[in-house]
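> Each chain, written out:
Number of protein chains: 4
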Amino acid sequence: MLHFCNDYSEGAHPRVMRALADSNMESTAGYGCDPYCEAAREALKARFACPEADVHFLVGGTQTNLVAAAAFLRPWEAVIAAESGHVAVHETGAIEATGHKVFVVPGTDGKLSAEAVRRAVMEHRTGTEEHMVLPKLVYISDSTEFGTIYTRAELLALRAACDELGLWLYLDGARIGAALTAEGNDVAPEDFARLCDAFYFGGTKNALLFGEALVIVNETLKPFVRNVIKQRGGMLAKGRLLGVQFGAILQDDLWLETARHANAMAQRLAAGLAALGVPFFLASPTNQIFPVFPDAVVTALRDDVAFEFWAKPDERHTAIRFVCSWATDEAQVEALLACVKAHLSQV
Amino acid sequence: MLHFCNDYSEGAHPRVMRALADSNMESTAGYGCDPYCEAAREALKARFACPEADVHFLVGGTQTNLVAAAAFLRPWEAVIAAESGHVAVHETGAIEATGHKVFVVPGTDGKLSAEAVRRAVMEHRTGTEEHMVLPKLVYISDSTEFGTIYTRAELLALRAACDELGLWLYLDGARIGAALTAEGNDVAPEDFARLCDAFYFGGTKNALLFGEALVIVNETLKPFVRNVIKQRGGMLAKGRLLGVQFGAILQDDLWLETARHANAMAQRLAAGLAALGVPFFLASPTNQIFPVFPDAVVTALRDDVAFEFWAKPDERHTAIRFVCSWATDEAQVEALLACVKAHLSQV
Amino acid sequence: MLHFCNDYSEGAHPRVMRALADSNMESTAGYGCDPYCEAAREALKARFACPEADVHFLVGGTQTNLVAAAAFLRPWEAVIAAESGHVAVHETGAIEATGHKVFVVPGTDGKLSAEAVRRAVMEHRTGTEEHMVLPKLVYISDSTEFGTIYTRAELLALRAACDELGLWLYLDGARIGAALTAEGNDVAPEDFARLCDAFYFGGTKNALLFGEALVIVNETLKPFVRNVIKQRGGMLAKGRLLGVQFGAILQDDLWLETARHANAMAQRLAAGLAALGVPFFLASPTNQIFPVFPDAVVTALRDDVAFEFWAKPDERHTAIRFVCSWATDEAQVEALLACVKAHLSQV
Amino acid sequence: MLHFCNDYSEGAHPRVMRALADSNMESTAGYGCDPYCEAAREALKARFACPEADVHFLVGGTQTNLVAAAAFLRPWEAVIAAESGHVAVHETGAIEATGHKVFVVPGTDGKLSAEAVRRAVMEHRTGTEEHMVLPKLVYISDSTEFGTIYTRAELLALRAACDELGLWLYLDGARIGAALTAEGNDVAPEDFARLCDAFYFGGTKNALLFGEALVIVNETLKPFVRNVIKQRGGMLAKGRLLGVQFGAILQDDLWLETARHANAMAQRLAAGLAALGVPFFLASPTNQIFPVFPDAVVTALRDDVAFEFWAKPDERHTAIRFVCSWATDEAQVEALLACVKAHLSQV
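Protein chains in written order, with the working numbering: chain A, 4 to 350; chain B, 4 to 350; chain C, 4 to 350; chain D, 4 to 350.
Honestly, I wouldn't trust all of these hints.
To be verified - BS3-like mimics (lysine-lysine), calculated; alpha carbons at most 30 Å apart, straight line:
1) 225/B - 48/B
2) 225/B - 225/C
3) 225/D - 225/A
To be verified - From chain B, some residues computed to sit far from chain C (all C-beta separations above 10 Å):
4) 24
5) 30
6) 92
7) 119
8) 281
9) 302
Calculated from the structure, these hints are not laboratory results.
From the three backbone atoms N, C-alpha and C, an ideal C-beta is built for every residue, glycine too.
The task is simple: from the sequences and hints, build the whole structure.
Now the structure itself:
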């Protein structure tokens, strides 16, 4: 079986595993109050050029997103997200379970525009505001659920809209490494820290066993976040496991290397598919690609490859998603291309 | 520095670490739908003699408790807990954050009696029930926050009260191994499955990196629990990490061996302290003990030993908590005894 | 000032006021457990031909809707509503504040179709259901926020979709009287009780001081609703005020008379406006109408008339809403027509 | 049947009813944005000497309390209340349903002491605060659930504790009129506004059909409260009904007259019972009294009198509650005394 289903199918990068093994028998304080976490927080702040930020390590992405909503918002405030946003679709209503509405607006290939944000806010400024939620937290992800990335200009425009409208800009960086190492990217790590009020640096999908680092830049949003993390069940007892892993992946920019590799494998796969004449549902420069096949080919592929259904662009074709990870190697890519080629030839 | 602060100061048992390393590069499905989780679920059900149970692996205890409350209770239903219960005191209001009241009643050394449960329910049956919460989920822990354990007779009495009053019995088994291997314990693993509607089998405090296994025995409580886990941020992407670890610790009853060791170290320490004339705040047969020292000794100890403050039995004395873990060794116990002895001699 | 802003600008129908005055000095039990409430419940069940239903009297519509969501849904379940639905837009996220998502789908003139419901459910049946909310409560209103009404065939189709897909059908009847007395209506009161799992019979917008009667037909949804009402702050201490009012408005079908009057006034106004060449944003047969004027006329009207902004169909025109109530009289309608005529002549 | 069950068994004072009747056919804006509400807000602020306060009119007490909790507290913050506090016992977990814990401490005859507040806070300042809720809102009621009242010195001490510990002081004034007109009271209306961060002025239990006026003195607590009121279903469409009623009851201090009357009737009843040798469960100077009778007398009384069970001071006696209202007259008191006398003579 070939695995192109997601980027969390394997364990952790060997250097991460080694760091865990090396520190295994040490005794340290719990709940993230240990030297490993302290060091990893410093490394992260240095890398993203935000020395004043607060950094909290959490286990998973949904957990991080719901902690952000619970900690940052007052009861009448809402999240604005693209209709494809992870918080809008794939978190079982986790934000709503904290009491907050997710107001969805149309996105473009998974991206939210400053204009869409402005329209969403204006729809709620009608003179009867108290009967409506107050849009407050702008949720974006980079790379997006469609593998696309934001340009620096787009992020600047979102920041400007947030400043103008009194909103918080929050970036879900589950695949922040993929975004930063994508061909065509013009955003630097420090841009995220400068333009967002808070963002998270994703580890689960980039070579850690698990872990997301919530970076809070805006002073207003900093107090009592650890209380919220504990209340929402997100405080890891052996918290140093997160510090050890983030320390290892930040060292020598290993995280960029792993992300770059995943992108490269996916783009190699995309090029190979294109050479076979396969069209794409949309263009993605990162580690998720979305080829379109005749339905019969999709059915046939299921026997040999793990992947996800994505969409039905028409009655007889299906868009699927192939994802490469830090662990995907060239041999697997070639094997998948061979497999696709064989199936295409039988249609 | 000597570490007797808690039982989650170190990583995982070497056999657990090895299992993680061995499986690290495999590709499997996410979210707990992998062969490792499947095997661990089967092993756990076999060990607790509940072949029909549902088993869900979660990362932490607060997370598990709040998932149980959210999944099992309707909005008007409440939890009954001893006033020292973890859900009542040390989870930052996690249960209330799911909308449910925790109704606290006096406990005895951390234990909740059938009689206290009955009284709590009767206080809510006054003819104006709709103005009050409906007590529904009885929360107990074994071993308790005070290191004490339930007898089989006590659990049977609680079960009878729950049957009589229409309540669910839920056991927090963060230290279930410590309870089952304590001197004087007369409860068997299968008793928990037979007497509780649901319970969790704790891994974090017994030699795993992290992990709690929620075991749901009562059919009524089974549906849609995975939805709640996801909604509350408790679904681990690389879910197999839990399956691998639980598989390793269940193999050859390693979990009983590690728990027995932790208890033995704590009891050896207790015996040593008693020999030095140190009194105890209460008697505990498990891996947490609660010696009482003159305040000056407690202050002096802080330089050499990590431990937790517990209580002030009088103006000049302090009860503290020493905890041993699977990783505590005899040398550490002897070192602590020597340290205490030295400080006591200076008072 | 002419008042066409809404149908809750005045107090109650004189017969309702008289009933309140007549019973004022009696002593009765509180919280709706009095003979007036009992009689009103029986009258309502008789009128809607649902003798087995549970009836709960609440003060307001948002309160009733949020009680329904809190009482009927489990945490992972969601509401489906048209994007114009009151619960989706104008209740400050009241449903989300109970923890539940409102999944919005496009409506047609405020109406939700069986087809849209079916599509919404199918979008959530992708094989990864546990990562998504479970659509469960179909929210419709009749008449809708646009003054439109459902046909019997449309309601039958919704019921069939709900049966097929395992959904609850819930009808917000804030303006149920307007719907039942509209020209072209082919739905009978008993249809609502037969086709919905629960609905509410609105009093606030139809000649009561306040009051909505939640009618629960489906047995599954009945238990513990009074507990939820109390918990959500919806249980009126002097509950008989609701029984007295509903009793008065149900007597001799006064509610149909008041609703019919409001519709008649609005349709007379609409005919008058049409005669003046005024176009409409959409056609409504009930007591809310939506004329479109040049912006300058709208501005000018504000000096003399209270009304609500509705939409901007184009750059230079504005759709506004005029609402008539049981208390609107012909003289007011004529005065408004004269006022409009004067302003139109000046454009 | 004699009614001594509560102080919300009748409708409204005739002057209140007249004000409602007189304004019935006027057209005004909804949601409390009308001249009646404006005038009543001014009258209330003048009466309590808090010209800068925000005043919000709500329908009921539980609603008001839960709005306060939802609006004033962040997710990790908790309410401190006496164990007999209305929010702790008789609101079906309404506070918890907004996500906040109610931390209960022992009270004295329903009153919370500054010392108890201080202890409660100190229990949560252990160095592991993030694992515990943060006590923030001190809930007191005056008169209390036991009919007792606070002295000015006690309120000053509570205020001082709140200032010292960074807490909000919130007073549930469902029976504020009874407190202010009680024999022995040394608190003035303006003291409440000066000493509390917020309080509510109760109408339901003092001669209105319904209505509580939430008075917010502290600037920090003012923003967005109307949004919360709407979100929690507490915004009355025909909001002027509250303004009209509060206006009427505030005029010429009618509210003090009605409260004084209720107290006087209850105290007359208490004196009469004492003269019959009836002991009391506790002494109350307000409109609720708590006589203790042999069980047989209590059973016999049920045939003739509506009252509430209160407590079982011993095996053979029962404490019950008699409540007088603005509508209780001397004849009813005498009738009750005669009835009691007759039953006592038969024991």
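> Could you run down the list of hints and mark each one as holding or not?
Against the structure, the hints:
no. : hint          : in the structure
1   : 225/B - 48/B  : 15 Å, holds
2   : 225/B - 225/C : 22 Å, holds
3   : 225/D - 225/A : 22 Å, holds
4   : 24            : 29 Å, holds
5   : 30            : 18 Å, holds
6   : 92            : 24 Å, holds
7   : 119           : 23 Å, holds
8   : 281           : 48 Å, holds
9   : 302           : 47 Å, holds
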